[in-house]
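**Student:** Working from the sequences, and respecting the hints, build out all of it.
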Amino acid sequence: MGDVANSSVGHHAKNQQHGANRAGGFGCTLPELRSLMELRGAEALQKIQETYGDVSGLCKRLKTSPTEGLSDNVTDLEKRRQIYGQNFIPPKKPKTFLQLVWEALQDVTLIILEIAAIISLGLSFYAPPGEQSDACGNVSAGAEDEGEAEAGWIEGAAILLSVICVVLVTAFNDWSKEKQFRGLQSRIEQEQKFQVIRKGQVIQVPVAELVVGDIAQIKYGDLLPADGVLIQGNDLKIDESSLTGESDHVRKAVDKDPMLLSGTHVMEGSGRMVVTAVGVNSQTGIIFTLLGASGEEEEKKEKKDEDIEAQRGAHGHKTSKQQDGAVENNQNKAKKQDGAVAMEMQPLKSAEGGEMEEREKKKANGPKKEKSVLQGKLTKLAVQIGKAGLVMSAFTVVILVIYFVIHNFVIGGRAWLSNCTPVYVQYFVKFFIIGVTVLVVAVPEGLPLAVTISLAYSVKKMMKDNNLVRHLDACETMGNATAICSDKTGTLTTNRMTVVQSYVGDTHYKEIPDPNNMNPKILDLLVHAISINSAYTTKVLPPEKEGALPRQVGNKTECALLGFVLDLKQDFQPVRDQIPEQKLYKVYTFNSVRKSMSTVICMPDGGFRLFSKGASEILLKKCTNILNRNGELRSFRPRDRDEMVKKIIEPMACDGLRTICIAYRDFSAGQEPEWDNETEIVGELTCIAVVGIEDPVRPEVPEAIRKCQRAGITVRMVTGDNINTARAIAAKCGIIQPGEDFLCLEGKEFNRRIRNEKGEIEQDRLDKVWPKLRVLARSSPTDKHTLVKGIIDSTIGEQRQVVAVTGDGTNDGPALKKADVGFAMGIAGTDVAKEASDIILTDDNFSSIVKAVMWGRNVYDSISKFLQFQLTVNVVAVIVAFTGACITQDSPLKAVQMLWVNLIMDTFASLALATEPPTESLLLRKPYGRDKPLISRTMMKNILGHAIYQLTVIFTLLFAGEVMFDIDSGRNAPLHSPPSEHYTIIFNTFVLMQLCNEINARKIHGERNVFEGIFSNPIFCSIVLGTFGIQIVIVQFGGKPFSCAPLTIEQWLWCLFIGIGELVWGQVIATIPTSQLKFLKEAGHGPGKDEITDEEMAEDEEEIDHAERELRRGQILWFRGLNRIQTQGIFSWLIK
88 MGDVANSSVG
98 HHAKNQQHGA
108 NRAGGFGCTL
118 PELRSLMELR
128 GAEALQKIQE
138 TYGDVSGLCK
148 RLKTSPTEGL
158 SDNVTDLEKR
168 RQIYGQNFIP
178 PKKPKTFLQL
188 VWEALQDVTL
198 IILEIAAIIS
208 LGLSFYAPPG
218 EQSDACGNVS
228 AGAEDEGEAE
238 AGWIEGAAIL
248 LSVICVVLVT
258 AFNDWSKEKQ
268 FRGLQSRIEQ
278 EQKFQVIRKG
288 QVIQVPVAEL
298 VVGDIAQIKY
308 GDLLPADGVL
318 IQGNDLKIDE
328 SSLTGESDHV
338 RKAVDKDPML
348 LSGTHVMEGS
358 GRMVVTAVGV
368 NSQTGIIFTL
378 LGASGEEEEK
388 KEKKDEDIEA
398 QRGAHGHKTS
408 KQQDGAVENN
418 QNKAKKQDGA
428 VAMEMQPLKS
438 AEGGEMEERE
448 KKKANGPKKE
458 KSVLQGKLTK
468 LAVQIGKAGL
478 VMSAFTVVIL
488 VIYFVIHNFV
498 IGGRAWLSNC
508 TPVYVQYFVK
518 FFIIGVTVLV
528 VAVPEGLPLA
538 VTISLAYSVK
548 KMMKDNNLVR
558 HLDACETMGN
568 ATAICSDKTG
578 TLTTNRMTVV
588 QSYVGDTHYK
598 EIPDPNNMNP
608 KILDLLVHAI
618 SINSAYTTKV
628 LPPEKEGALP
638 RQVGNKTECA
648 LLGFVLDLKQ
658 DFQPVRDQIP
668 EQKLYKVYTF
678 NSVRKSMSTV
688 ICMPDGGFRL
698 FSKGASEILL
708 KKCTNILNRN
718 GELRSFRPRD
728 RDEMVKKIIE
738 PMACDGLRTI
748 CIAYRDFSAG
758 QEPEWDNETE
768 IVGELTCIAV
778 VGIEDPVRPE
788 VPEAIRKCQR
798 AGITVRMVTG
808 DNINTARAIA
818 AKCGIIQPGE
828 DFLCLEGKEF
838 NRRIRNEKGE
848 IEQDRLDKVW
858 PKLRVLARSS
868 PTDKHTLVKG
878 IIDSTIGEQR
888 QVVAVTGDGT
898 NDGPALKKAD
908 VGFAMGIAGT
918 DVAKEASDII
928 LTDDNFSSIV
938 KAVMWGRNVY
948 DSISKFLQFQ
958 LTVNVVAVIV
968 AFTGACITQD
978 SPLKAVQMLW
988 VNLIMDTFAS
998 LALATEPPTE
1008 SLLLRKPYGR
1018 DKPLISRTMM
1028 KNILGHAIYQ
1038 LTVIFTLLFA
1048 GEVMFDIDSG
1058 RNAPLHSPPS
1068 EHYTIIFNTF
1078 VLMQLCNEIN
1088 ARKIHGERNV
1098 FEGIFSNPIF
1108 CSIVLGTFGI
1118 QIVIVQFGGK
1128 PFSCAPLTIE
1138 QWLWCLFIGI
1148 GELVWGQVIA
1158 TIPTSQLKFL
1168 KEAGHGPGKD
1178 EITDEEMAED
1188 EEEIDHAERE
1198 LRRGQILWFR
1208 GLNRIQTQGI
1218 FSWLIK
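Counting in the numbering used here, the sequence shown runs from 88 upward without gaps.
Hints were generated in silico from the structure; no laboratory data involved.
Just to be clear, a hint being listed does not mean it is correct.
Ranges of calculated distance between the beta carbons of each label pair, as one might list FRET restraints [as the list claims (entries may be wrong)]:
| id | residue 1 | residue 2 | range |
| --- | --- | --- | --- |
| 1 | R716 | V161 | 15 to 25 Å |
| 2 | I290 | N604 | 32 to 42 Å |
| 3 | D163 | E137 | 19 to 29 Å |
| 4 | G1100 | F1144 | 20 to 30 Å |
| 5 | N604 | T154 | 50 to 60 Å |
| 6 | G718 | C689 | 16 to 26 Å |
| 7 | G1116 | L248 | 17 to 27 Å |
| 8 | T154 | G799 | 51 to 61 Å |
Note that the structure is a prediction, hence the values are computed from the model and not measured.
Beta carbons: idealized from backbone N, C-alpha and C, even for Gly.
**Tutor:** Now the structure itself:
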């Protein structure tokens, strides 16, 4: 696919030669169109007039019809792709497996181990002349007796081999992670569809299938997928900040500025455009190519640069300069960015280039979203453990060296002989390897891996639960959520609207009126008002299957009104055919400020008629007349309005109906009104009807809300509807319960309560309102943003609130961005809302949010399970290696064995424990909150309890094992002596205890049944059994490299028996009440507020995490997990 897209660039040269042939029979060449799209405003209009006459002339040249669109003929579409390219920007090439291996090798500790192993190897091949003499002391005694001296190289080789293993595992994890990401990315791309006209029919096609010459329907909330020229527009305003950095909305009109660019957002209005540039030739694509983000472009770019410059001509010069500036800024950034980051769902990956400038601006404006809670806690914990490990390992080496020196040169009284140096150095290398091994085991580099696996696994599974996660950390943040601010329409309700009550001609109908009993004049006016004054893209189509409901396409409120027309045995299509969209004189499109939509048409007598529809209480205030039963005007005074509100609108609203008023106004011929003076124009209206629209509550919502409330999450409803409607729906959903102390406010009242005399928002006032607030009605997007910000910034609770918000409209963008987790609607949501969100609900259903909470809590618990297991192993392994080294001058667990233990406890355990599926029981507890430590007291009790058991067992075996099993002691063995059964038993028991403890670690809240649901996780079972199988092979056949001697069946059974003792011991620990153990401290708190200085905040903006900051201050010399953390890329791509 990439090749075809790039071929577009390759076509310039050919196209210029075949100028006469006019690009394969079309009247425009690719360079011509590209240079046209470089122009703006009057310049562009002039060029279109000079070259094509007008936009329809351009359509003729492109062989397309402004009304009918393309013919949908496959060969024609293919030909257009050949000539003008595909609407696809080839992604950056993924890193190859070898590159990932190279990255994994950069790990500091691994490098140290490699160096130590190579020195050890080198020295083992060097046989010093003095080795046979006694002068070097008993240092090398015993080695030659066994004829094992030649086998000295094995340890070095084995360490190298295990390093290779670790590197391959890491690289493979990174590789599969990137692959998953790309899969996810392509899924997001496939879901992106756009409305085009082909053969006169409006159809949805995937964005990648758009071609030059397509006629695309654009509407409020769209993210434009290609460049184009406007053919017809109503009140169209575009946000071009992603390309120009200008935040003001740009008004587009056929006669002023018809140029529409890919990657920009439609903020208001609607229209149709002819597509003129796609893929790498669109403005977004050009910037992308300049950034070198499209992989294959990069090599071609050098050759093509002059070519591009030439085509740009004078106009291009300026933009190209700016862009080159951007390129220099961003070349480095672009390099650093993983392909994974393309995850930032741009439909045509909206201009990273523009976004870069925007990012620079944002950086100046203020802090970005905070780092996710879990990352903060984990990084801090990893740094602390790393420091402790470093101290322990350094200590181990120092003690071993001092002991050796004192033992040989002070007590033994020997002199240091030059020919003995290699022998001593070999010893020092051995000590050094032991020290590094202690460090390897101490540092939990499996942590980032566990987080990665857990999040990646959750994200994959959440897809099945209709949650498309765009930012990975959102999944974990959701587990901490304490408040959800939800839209009503479509999220809590089915978004299938129908008119069930109406007030027409002085009569309140509780069901659909019989058209024969209605006045024909009123009926005709009503049909025209509804058919014309709604988006022509909104339709009610016959059902696909017999007996099913009619299909609603487009805006659901308008669908309800069109459905009402059909229920009145009338049809809206003939009316639209009679007055097509081109003939509409002026359209005031719906937006959140107007809360109404109006359309003006020309009348045969030269006058104008305006149709208006909107929220009843707003529109009725603008009505001065109303149609009576006979279709005649009668005056409509404020007191009539109050009576109507009381008798008609409030009863409808209390039944949970949305009320919409439909009205009109005639302007006489002669003088044309001042159309821009909207308040004058949409005034003195005549009310035709008021309808009550029902949007039933989704059947599964009340139960989902009950679950949320049980889980300690407050659900608030924020809606644009009337307060009575909102209250009725909230009661049906269970958001408000009778007898509770709650607030239901309208936007105006809400603002009155939270603002001071100067009109500024005060946090103290907000803090009095939000805790009890359950319903916010008639709210503007600003109110929603204010509420979310107010709850997040509030300091009245013990802990900061974590807020999730749902939104579907373009105007919900700010609130979605501000929230800790923003949910956009996959079906009803606009592209702008999706862009601002963290998770997309593919079924628009509130109950999917509850699933997200479950998965979020599960991620948290998975990490805690892994930590509980990992830290037990760490504590035991470090203490054993340290004390063993100090007392017996040799670690009972050898370097290679330690690496194997490290591998099982890091990689395998993180896989096993991070893939536990969530259970409903997760929703029975309150959220953890941002300040809850990762390691609770119960976990601390488990960690220390199991460590005590394991240490007791290992030290007993170390100092009394030879007596118990009646075997030779392995202590004080000289260099290169063969593996002893004694130390093999210690190693084997140690590993088997870890395996059983892995089962214990499945429960972290002190539950007794650790086997519950174990078979629902096949990964866990296979890893435990697989590890056990490999352990048998290592012990029986590992020999010298693993320092293992084969064991008998009896010895194996004893080891197994001690291992299973872990499970019994786990029950003993569970019996001890945590509340009695006051001395236990919790660990792994998030970074405290006071610890974050301004300077650090600034650093944070450059996406430097806590651990790196520590590193920079030189507090740590080298710290294994860190580099791994970066390699895992987890911080880099979670932050993004």
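**Student:** Each hint needs a verdict: does it hold in this structure or not?
**Tutor:** Checked hints:
1. Between R716 and V161 the C-beta distance comes to about 58 Å, which lies outside the given range of 15 to 25 Å.
2. At roughly 40 Å, the beta carbons of I290 and N604 sit within the given window of 32 to 42 Å.
3. Range check, D163 to E137: Cβ separation about 28 Å, and the 19 to 29 Å hint holds.
4. Distance hint for G1100 and F1144: a CB-CB separation of about 26 Å, consistent with the stated range 20 to 30 Å.
5. Separated by about 39 Å at the C-beta atoms, N604 and T154 break the suggested range of 50 to 60 Å.
6. Roughly 23 Å separates the CB atoms of G718 and C689, a value that falls within the hinted 16 to 26 Å.
7. Judged by the Cβ atoms, the range 17 to 27 Å given for G1116 and L248 holds: they are separated by roughly 19 Å.
8. At about 56 Å, the beta-carbon gap between T154 and G799 stays in the expected band of 51 to 61 Å.
Violated hints, listed in ascending order, are 1, 5; each of the other numbered hints is respected by the structure.
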